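**Q** Protein chains in written order, with our numbering: chain G, 3 to 524; chain S, 1126 to 1535.
These are computed hints drawn from the structure, not numbers from a lab.
Owing to the predicted nature of the structure, the values given are computational and were not obtained by experimental measurement.
Just to be clear, a hint being listed does not mean it is correct.
[To be verified] Straight line, CA to CA, 30 Å or less: simulated BS3-like cross-link-like pairs of lysine-lysine:
#1 K364(G) / K1455(S)
#2 K416(G) / K1178(S)
#3 K1226(S) / K406(G)
#4 K283(G) / K1416(S)
#5 K91(G) / K1512(S)
#6 K1157(S) / K479(G)
#7 K453(G) / K1291(S)
#8 K416(G) / K406(G)
#9 K79(G) / K1512(S)
#10 K138(G) / K1199(S)
#11 K35(G) / K1455(S)
#12 K427(G) / K1178(S)
#13 K1447(S) / K39(G)
#14 K1156(S) / K265(G)
#15 K283(G) / K1447(S)
[What the hints assert, rightly or not] According to the in silico footprint, chain G covers these stretches of chain S (three or more CB under 8 Å from chain G):
#16 1290-1297
#17 1389-1401
#18 1481-1489
#19 1503-1514
#20 1529-1535
C-beta: ideal position from N, C-alpha, C; glycine also.
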Amino acid sequence: MSESKKQRIEDSYDVVVIGAGNGGLAATAFLAKQGIKVLCLEQHNLPGGVATSFVRGRFEFETSLHELASFGPESNKGSIRRMFEDKLKIDTKFVQVPEAFRLITTDSGEEMDVNMPFGVQNFVDTIEKEVPGSKKSVENFFKVAEEIGEAFAYIGSMKGKPDQGVLLREHSNFLKTAAYSVTEVENALGIPEKAQKILNAYWAYLGLPMSRMNFTIFAAMTLTYAEIGGWIPTDRSHGYTTAIDAKIREFGGRIEYNTTVNKILVEEGKIIGVETSSGDKLKTNYVISNATQTVVYNQLIYPQSEVPEIAYKDVNARIHGLTGFVLYAGLNASAEELGLKDYGYFIMDNMDTDEIYDSWTKLQAPKGLACTVLNNAVPDCSPPGTCLLNITTLYRPEAWKDVKPEDYVDLKNKLAEELLTKFEKATGTSLREHIEEIEIATPATFARYAKLYNGIFYGYEPESWDSMVPRLMSMGKDVYIEGLEFAGGFNRRLHGYSSALNDGVMSAQLTLQKILKERDKV
Amino acid sequence: MSKENEDKLEVTVKSNTRDLFAFTKLMPNRKKRFERASSEPIREDPIMDLMRKLHPERQYLLIDGIKEETKSTKTYNLVPDPDSETKELAYFRPGQYISLKVDLEGVRITRPYSIASSPKDSLKGFYELTIRKEESGFLTQYIWDNWKVGTKVESSGPEGFFYYEKLRDLAQIVGIAGGSGITPFRSIAKAIIDGTIDAKLMLLYGSSEEDDIIFYDEFKEMERNNPAKIKVVHILSSDIVTLEGCEKSFITKEIIEKYCDARSSTFFICGPQIMYNFVEEELKKFNLPVKQIRREAFGEVKDILTHPDFPKEVAEKIFKIKVHIGDLTKEIPAIATESVLIALERANLNPPSKCRSGECGFCRSLLIDGKVYINPVSDWRRGADKKFNYFHPCASYPITDLEINIPREL
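Just chain G, same shape as in the assembly (with noise of 0.2 Å):
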């Protein structure tokens, strides 16, 4: 045996993080800045999970990232930013994308192509050109949304116990829509339907319908966007997660890849430590766990005996989200010959957002994608004459669950083909004579680099029983192992970038104070 399979690393830590994406990154990091001793375990090769990069020929390609919410202009910085500039001080760079969307309607009775500048007046203003007397309407919707940011903020910083009283005074509109859907909300505030569509084009971001989906996110998500813009780091994800892993080692943290944990040792209900695929045996009392519930209980928990039924059932009870299937195309000419003049554009058959989850249910074509020229953010993104266009789009993963190996190629290029053809019919461009790479990730591709469930990257849909409200306010009460905390898309704050950026450092706040109470009792 080569000694770089036997080789030990040390075996007693503070805290172990499971797993470098962005949830245990930002965990990691936290920690690493306060003096904790703290280990983080990827079994990749890279930082990120899904937050990373890849090369073909001349290009290098975002992995997954659209636009980044929450970081914000230096005038008005949103939690990302102040995390990445003001306390971790990392060497990244990013900037805003130059619009909020395109979004494009190609069924026939249905269509529309809208583009979407930043900034909630201008939202409102776009939104009333297309259809006159909304704008009151929609000008109310953000109105709430803003009251509900505050209330998210106040739940968050109560830690999840929030005084029934002061939310009643001071957040009513939050109370009072925080158990309703998208739909029942707009509906309630008059927004004209055809206004609806329009506003609800983020939808895709958190994919679930407008009828499932719960109002006080999808209504916070927006407002972001729409205040302080959309955001994307000049060399990719991979830039800013390989600048947070420099950080994390600046502070005395330590991260090692290709490690896999295989176990999370319990004994008595408490964390006592975990053990690696490479036969490393840790000593911990702490766990921050990047790996979903689903994965935590149901394969590493050991032994399997201390994993308690309300676990299982917490887990099965809520509803798996969406994973996905992307086009990269690396195109030999530049954004501008080839006609793409935006940034990130929707494009779907129609808005109703029911009728286009269900066809992501099944192997067809598609009925909704959403695209990026990343050239349009970051013009030197790829060689001078070429441009990266990413195609995206969502299945629920039960549509490829019969799939064989022998067909998985001729499937992935038919349907990569219809991905492209939709593109090019809404944008009236012809692209394929130039492609010079191109690459197709599917619902494996990201099961196998980021070891997701059934390739899952969206976390637990968000309808209002599961949305980030109960989930904020169940803080603590989910703690079914004593040490064992998640962190990322599939926790508190939802799926997305800077829901599990934020949730990484919301998870090791709560293990700090742990920690820090019982150093207090020695």
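Using the hints provided, position chain S relative to the given structure of chain G.
**A** Structure of chain S alone, referenced to chain G:
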């Protein structure tokens, strides 16, 4: 329903009471849902199962047959080792390779070999690897001496990007092969014939002498039976040419023009480095878009000294590398003209590796101190990796003493 009193907006979805009540029921409802849910563990993960079939971390194989192709070439028939967890072979794309992991008298090395059989053959339970004995290759010598029917061999899953991609490539493939670079084209040709790929292949195959030609009869037969799809021209550098379908030449612009319409073809090149250097110069004369020329990663740069920007003054030097791996720190010697990966393997420190060409990034390591030479054609690093001093040991040469951090083996 919503009304505004002066500045204060009051939203009502159903009624004031019902909305507030709905909020108070959120937590109890969630609790109820949990209570009502099944307490059965989740055992299935069909997407992960599909992934493992497509991309197994390791495949445990057994040599089931050996065929002599030429005086220096053998084809090994590999099947799943019945004593192992490998029950079926991973399906692949014609042109892909597997990375063998071989224990060479205590030194564990990896080596990529293109799969020479068709993907459909993997469904029948076998891969074929055709290996040419290299004059100075200590691995191929070892294989010649030791691999017998029944020998166990460990490999990666299928890897690499040297394959025909319908959405990108033109349906006329021109394969340019040199020496044992023929192997991926055998897989591609078979896949064209059995319908896995819908394309045509014009193969220009360079060999030095007639008896170096691998698969002569086999390709002749494929050509005979599928004249519309497969064509082969042998390009020989030796003076003696007796076989049918041979040109005495190099793979020049003129030869390419004689047999292909370059503008409407996608070129796939696989062979020794020296052939790339020559053929690429010839192809430049056609001024083709970059997308029409695809190269297989050619493995380790054989003679780094021939690269004009390599600092010649360090050629004779042996440097020290301080290697961190896990909690171990070890100092090892490294020859300037050998890749850092080879130095690590000689010292029995093996970071994970597959392509040995700089391409796959599997050996990605951190350069803490010192300088390495990276050949620009093998530099496939991500932008941020360059910024933060990550490097791929398989495509990097020490030109000072180094301190590095390498990942542990999987």
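**Q** What hint numbers does the structure not satisfy?
**A** 1, 4, 10, 12 and 17
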